[in-house]
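Participant: Residues per chain are reported as follows:
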Amino acid sequence: MTAHERPLGGRILTPFFKLLLALCGVWVVLVVIRLLFGLGAVSAQNDGYAWGIWKPLNVVTFTGIAAGAYAVGLVTYLFNEGEYHPVIRSAVMAGAMGYTLAGTSVLIDLGRWWNLWVVFWPPVWNLNSVLLEVAICVMAYTMVLWVEIGPSVLEKLESSSSAKVSGAARRLLPMLQRAMPFVIATAILLPSMHQSSLGGLFMVAETKMHPLWHTSWLSGLFLLSCVTMGFGAVVVIENLTAMTWGKRIDQKLLARLNVVPAWLSLGYVVLRLGDLAAKGRLGLIASEGLYSFFFLLELALFLAPGLLLLSPRWRANRGKLFGTGLLLLFGGALYRFDTYLVAYQPTPGWHYFPYVREMLFSVCLAAIGVTVYVLFVKLFPILSGVDEAAATTPPRGLKAAGGAE
Amino acid sequence: MTTFTRRDVLRVVAATGAAAVADVAEAREPHVAKPDDLGMLFDSTRCVGCRACQTACKEANELPYDRHAVSGGEYDAPLDLNGTTKNVIKLAHGEGDTAYMKAQCMHCADPACVSVCMAGALHKVKGGVVAYEKNTCVGCRYCQIGCPFNVPKFQWFTAVPVIVKCELCRHRGDKGAACAEVCPRSAVVYGKRAELLAEAKRRVAAAPEKYEQKVYGETDGGGTNVLYVTSRKVSFAALGLPTLPEHPLPQLSETVQHGIYKFGIAPIALWTAVTVMQLRARKKDEAGHGHGEGK
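If you're matching them up, the sequences are chains A and H in order. Residue numbers for the first sequence follow our numbering, beginning at 1 and rising by one. Residue numbers for the second sequence follow our numbering, beginning at 1 and rising by one.
Mixed in with the good hints, there may be bad ones.
[As the list claims (entries may be wrong)] Looking from chain H toward chain A, a few residues come up when the C-beta cut is under 10 Å (computed):
(1) I163
(2) H258
(3) A266
[Claimed, not checked] The calculated DSS-like cross-link candidates involving lysine-lysine, where the alpha carbons are at most 30 Å apart (straight line), are:
(4) H:K283 <-> A:K252
(5) H:K214 <-> A:K279
(6) H:K233 <-> H:K214
(7) H:K283 <-> A:K156
(8) H:K284 <-> A:K252
(9) H:K90 <-> H:K192
(10) A:K279 <-> H:K262
(11) H:K284 <-> A:K156
[Unchecked claim] Pair ranges (Cβ atoms, derived):
(12) H:D285 <-> A:S166: 25 to 35 Å
(13) H:H247 <-> A:G280: 14 to 24 Å
(14) H:D285 <-> A:L375: 23 to 33 Å
(15) A:Y355 <-> H:V160: 32 to 42 Å
(16) A:S287 <-> H:P208: 35 to 45 Å
(17) H:P208 <-> A:L297: 49 to 59 Å
(18) A:K18 <-> H:A237: 54 to 64 Å
(19) A:R313 <-> H:P245: 48 to 58 Å
(20) H:A269 <-> A:A168: 30 to 40 Å
Just so you know, the hints here were simulated from the structure itself, not pulled from any lab data. We put the CB at the ideal spot given by N, CA and C, even for glycine.
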């Protein structure tokens, strides 16, 4: 617990940041079009494919990436491994953004969004609905994540020039810290519930799902794979922030942490194959053409990082660990796309391919996430391994590396 | 500084696995159709495709006509169920013969759309009719994912869309379904499910060389209140009716979901465990070096 988080500081309106802001603007335009002319004006979703890419990408993949907070939280708090604190704030920040974007995307995607009050009004709840559980849980968890960001913001405000603000922050901070164990317990509980349910959503569509994907283990597999994605996200975000701002990485810590996704990925492969074997469906792996291809690709994206991460030498290498981190993310994302779109087969005659503007909506939504993330890490103590000096002078060679600063 | 042992990881895997208790939980009871539930019987061997039922449905439900170009000319009949069409006649190709198929809501005994709907916008009313209430509908379209017949339709090109599907003309009261009322060949009849089922079985048994020996909807997907009989030449599959298991589709998801959350034991236990561990860790921490908060 030696690492302390510091704000990055530095100029905010960089060219990269301006590009992000422009994308945020494009998003607003798309939302206005959708609100005026209906969902069909911006999305190719139709009565056969009632859920297009926004659900598997903006909701289920974004929150999968955001599950870094959950994954690291699990090992830190469930096993009381305090040493992982240095990556937590960054993961929670990404988590808060991921979930906020997911919620926003759902809201835009709801045809009758003004009726969302039903989710806050228990008398009308249908407790059989998996989606109701997801909706309540995701909203609650988004709030919890922002509360977890609270200490970072308050620490910064403590040194505010206004005596009123700093005084209030100084009073609030210990209160928030006393409440933290309860907040954290909620932050472990809620993702366990809704991440599994994001898979459980498709259990009802038994006759419309390809048998390689439909199983009563959908909930368990989604929970397992959200954790592997979360670990991948932590590694990837640590590396991206290091490449962009010269933040130091505690490679030893990341190497130790990544034993967990190794076993979880392999567990996923075993569970997936075991389930198919138990149902006598193993033959489908080779006989189903494009479905078999997607299935095998998905399985490979779990098997490969699972095996590679078992090697301590692999984990100790920063570049290699970054690579497997990406594989973990891709594997989880593909499983989500497979379940929501590839495996889903409405009655014949329906086709779906997203419009460019529909994909742009997702890109812009991600840009909003990056915008807020950049803003927060520059203003508040979120990242560890940042020197006071690094805050003002970006490391050399960065312009060549992509000019993010 | 601790490192992870294989046992630690197994603990996580076990905890994850415990979340998927599908195979051990007791299955929830299926909801079965009542004899006096309201429904319809469609006989594909009698339908001549006049589409009087389509027009009657549009009028009874005050829905606009669909206009679109077909082969260069204007055609004002819908091609399929859609955001303004609750009932449609479609041509079906069988083996050496064709027949007409009437598609509308099947009014399942144990409907998936009702099971998945967050706030009961889709719900069962008197007579087993699956009704829609737009004021509690958020437009999430989960009903479209859940329905094995792809019946509920959404209005994609308006700012204030609703879900559109047949409600068995419940607003007409005792007059019953408008489509059945106008059918000149009694290809579709409206009535009580038990009577319709008996009539269907009578027709099928009376002409075994003509009819496929099955009444679709009697047990399919847990049973539906709209029943179908068809000729041997144009199968139910050719009509576009899916092959469904005999159990209702919501059974599995509700069993798993309620299994996981039975009496709230699992969530409460997990929350309490993490809280207790947190409080303990903090105590130890404070005793140790007096710094380091919960996070």
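Participant: All hints are to be evaluated individually against the structure, with a verdict given for each.
Facilitator: Each hint, compared with the structure:
1. I163: Holds: closest Cβ of chain A sits about 8 Å from I163 (chain H), inside 10 Å.
2. H258: holds (8 Å)
3. A266: It holds, given that the least Cβ distance between A266 (chain H) and chain A is near 9 Å, below 10 Å.
4. H:K283 <-> A:K252: Within the cut-off at roughly 28 Å; holds.
5. H:K214 <-> A:K279: holds (28 Å)
6. H:K233 <-> H:K214: Distance of about 13 Å is within 30 Å: holds.
7. H:K283 <-> A:K156: holds (26 Å)
8. H:K284 <-> A:K252: holds (25 Å)
9. H:K90 <-> H:K192: Holds, at about 25 Å.
10. A:K279 <-> H:K262: holds (26 Å)
11. H:K284 <-> A:K156: holds (27 Å)
12. H:D285 <-> A:S166: 25 to 35 Å: holds (26 Å)
13. H:H247 <-> A:G280: 14 to 24 Å: Check passed, 19 Å falls within 14 to 24 Å.
14. H:D285 <-> A:L375: 23 to 33 Å: holds (32 Å)
15. A:Y355 <-> H:V160: 32 to 42 Å: violated (22 Å)
16. A:S287 <-> H:P208: 35 to 45 Å: The hint (35 to 45 Å, Cβ to Cβ) holds, given that S287 (chain A) and P208 (chain H) are roughly 37 Å apart.
17. H:P208 <-> A:L297: 49 to 59 Å: Check passed, 50 Å falls within 49 to 59 Å.
18. A:K18 <-> H:A237: 54 to 64 Å: holds (58 Å)
19. A:R313 <-> H:P245: 48 to 58 Å: holds (50 Å)
20. H:A269 <-> A:A168: 30 to 40 Å: Taking Cβ atoms as reference, A269 (chain H) and A168 (chain A) lie about 37 Å apart, which means the hint holds.
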